[in-house]
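For the record, the sequence lines run as chains A and B.
Position one of the first sequence corresponds to residue 12 (the working numbering), numbered consecutively onward.
Position one of the second sequence corresponds to residue -3 (the working numbering), numbered consecutively onward.
Calculated from the structure, these hints are not laboratory results.
Please note: incorrect hints may appear among the correct ones.
Claimed, not checked - Where chain A lies over chain B, by a calculated footprint (3+ residues, C-beta under 8 Å):
{"hint": "1", "segment": "88 to 97"}
{"hint": "2", "segment": "149 to 159"}
To be verified - In silico lysine to any residue, SDA-like type, Cα no more than 25 Å apart, as pairs:
{"hint": "3", "chain 1": "B", "residue 1": "K106", "chain 2": "A", "residue 2": "R82"}
{"hint": "4", "chain 1": "B", "residue 1": "K87", "chain 2": "A", "residue 2": "A20"}
{"hint": "5", "chain 1": "B", "residue 1": "K106", "chain 2": "A", "residue 2": "K24"}
{"hint": "6", "chain 1": "B", "residue 1": "K87", "chain 2": "A", "residue 2": "H15"}
{"hint": "7", "chain 1": "A", "residue 1": "K24", "chain 2": "B", "residue 2": "R89"}
{"hint": "8", "chain 1": "B", "residue 1": "K106", "chain 2": "A", "residue 2": "T65"}
{"hint": "9", "chain 1": "B", "residue 1": "K87", "chain 2": "A", "residue 2": "V32"}
{"hint": "10", "chain 1": "B", "residue 1": "K113", "chain 2": "A", "residue 2": "V44"}
{"hint": "11", "chain 1": "B", "residue 1": "K87", "chain 2": "A", "residue 2": "S14"}
{"hint": "12", "chain 1": "A", "residue 1": "K24", "chain 2": "A", "residue 2": "R82"}
{"hint": "13", "chain 1": "A", "residue 1": "K24", "chain 2": "B", "residue 2": "L165"}
{"hint": "14", "chain 1": "B", "residue 1": "K87", "chain 2": "A", "residue 2": "R27"}
{"hint": "15", "chain 1": "B", "residue 1": "K87", "chain 2": "A", "residue 2": "H77"}
{"hint": "16", "chain 1": "B", "residue 1": "K113", "chain 2": "A", "residue 2": "Y48"}
{"hint": "17", "chain 1": "A", "residue 1": "K24", "chain 2": "A", "residue 2": "L37"}
All C-beta atoms, glycine included, are put in the ideal place defined by N, C-alpha and C.
Residue-level listing of the chains:
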Amino acid sequence: MDSHASHTAEIDKHVRTYILVFATLLALTMITVAVSYLHLEIREAIAVALLIATIKASLVALFFMHLISERQVILLILALTGVFAIALLLLPMITNLDHITIGPH
Amino acid sequence: MELIPYITEARPDTGLTNGKIGIWCFLASEVMLFGAFFASYIVLRTSAVEWPHGSSILNVPLATLNTVVLITSSVTMVMAWASLMRNDLGKYRLFLGSTVALGFCFLIIKTFEYYAKFEHHLLPHTSNFIAIYFIMTGLHGLHVIGGMITNAYFLFAAPSYLEHDRELLINRVENSGLFWHFVDLVWIFLFPILYLL
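Only chain B is shown next, with the shape it has when bound in the complex (with noise of 0.2 Å):
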């Protein structure tokens, strides 16, 4: 007996498989999430008598960096996708890798522009842009671990789920990337408003 319905095939009242129409409500949760820490962002900076450049305390060449690495990580997400339905296992398995290995990238830059601040004495008691900007960019960070988790696990067990259902592994390799997207399209708004204004 299948134990979650509707997975391979669509629910035919709403031409979509549960997982995702599930994983669309999970993002929908995340926009809610993300959207009271912008929320914050805009009450404090708003009621700050100053507010800092972002450029001037942070590091806006290396943001850039991880701005190209996580677009970059996102393209391959989708060519994974593309390969597994192409059944090319082996650019599946290129470019799921290519996505887990930028995803590595993102937060190793970020550990060294994390590293310059403690240097620097810049924690997050020093001032509310700083507080902010370590709340928003580690709760990101979070999200990126959780990406990279999710699509390692589909990068290795491929081949037990092509043995036994190939659609399922189309299916979930296309929401773990819908997850991924989100990763990266957070950082596309993250990026300004921290370092750039």
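This is chain A alone, in the form it adopts within the complex (with noise of 0.2 Å):
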């Protein structure tokens, strides 16, 4: 096979990837508006809510972003990132745990 047509090859496995993608991304988003319209208890479906969220995000990030098959470089820009966004996530779970200034109420 010479270049041109392994590069045309390698489009299409891509552009089929992202076809499969796009259906469970769909798909996802249903599940994700069905499971609302059954009530469950809060905490149950802030939990199923984000879960499903976080699959979404990461068959966007690792398919349509690429980050399937990026170098490391990115990956560790995005570690950090993700390290003090996730720092600046639970600040205000430390704010609610601070008994001192909210009192034993």
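Both chains are sitting in their own frames, so use the hints and assemble them into the complex.
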């Protein structure tokens, strides 16, 4: 196989993956909405909604943003960002645990 | 003389073009920007005595439609890039044009949604929920507009790029796509936390 044909085959493979990911994302969107009508307990509802959102976000990042085949330096930048982003999201929880300023109630 | 080095060929030390590193660093800063608003949402929600269920105030069917629109636009974006890789300018224009049109469609649906809130006098000062809803969706909407402008530029400037440097166009469309997918990714989290919980 010449290099042009192998390049085209590679792109075709990418396109098939994109369509598969697209169908999965649509299905997961419908599942998220359907689950919201089940009126689960709020903790369960948050867990399910965030789990599905995380799966969808991972699919977008891995396949549409090509992170699955990206260089290590990009993954390192993102890992560092992830650490700081998690710290940022945990700050409110630390605030809620501060019983000195909130009081015993 | 090349003003910015390593825009088409990879830098030997990173193995990537400077544009690629640049867009990922920018997206990292965007994660922190939206992260601050998500953290604010957590503070407001956990400290509120009462917090409304999103679906009691917001329009879930319209938001679901907008989710489908944005996901579809992400697919057309990658298809535009794939078409460019195949050297198929016609399909590139079709897919990138669709991406811009879907972005426009998203904004029109959002405008209907905002208009309904204004009609019912649900303004940012009404409640913390409405305030954080307008701030987060408004900031996201600004990103949609930014992405549409960039994509529209690459739609119309493509012939000129192809005459001079095809590789440069491919790299820049990929980077523009990374931003567009990030906008989609943010919406994937905004949709459940604002509308469904």
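Hints, verified against the model:
no. : hint             : result
1   : 88 to 97         : violated (count 0)
2   : 149 to 159       : violated (count 0)
3   : B/K106 <-> A/R82 : violated (37 Å)
4   : B/K87 <-> A/A20  : holds (17 Å)
5   : B/K106 <-> A/K24 : violated (35 Å)
6   : B/K87 <-> A/H15  : holds (19 Å)
7   : A/K24 <-> B/R89  : holds (21 Å)
8   : B/K106 <-> A/T65 : holds (24 Å)
9   : B/K87 <-> A/V32  : holds (20 Å)
10  : B/K113 <-> A/V44 : holds (21 Å)
11  : B/K87 <-> A/S14  : holds (22 Å)
12  : A/K24 <-> A/R82  : holds (20 Å)
13  : A/K24 <-> B/L165 : holds (22 Å)
14  : B/K87 <-> A/R27  : holds (16 Å)
15  : B/K87 <-> A/H77  : holds (21 Å)
16  : B/K113 <-> A/Y48 : holds (23 Å)
17  : A/K24 <-> A/L37  : holds (20 Å)
When each numbered hint is compared with the structure, violations occur for hints 1, 2, 3, 5.
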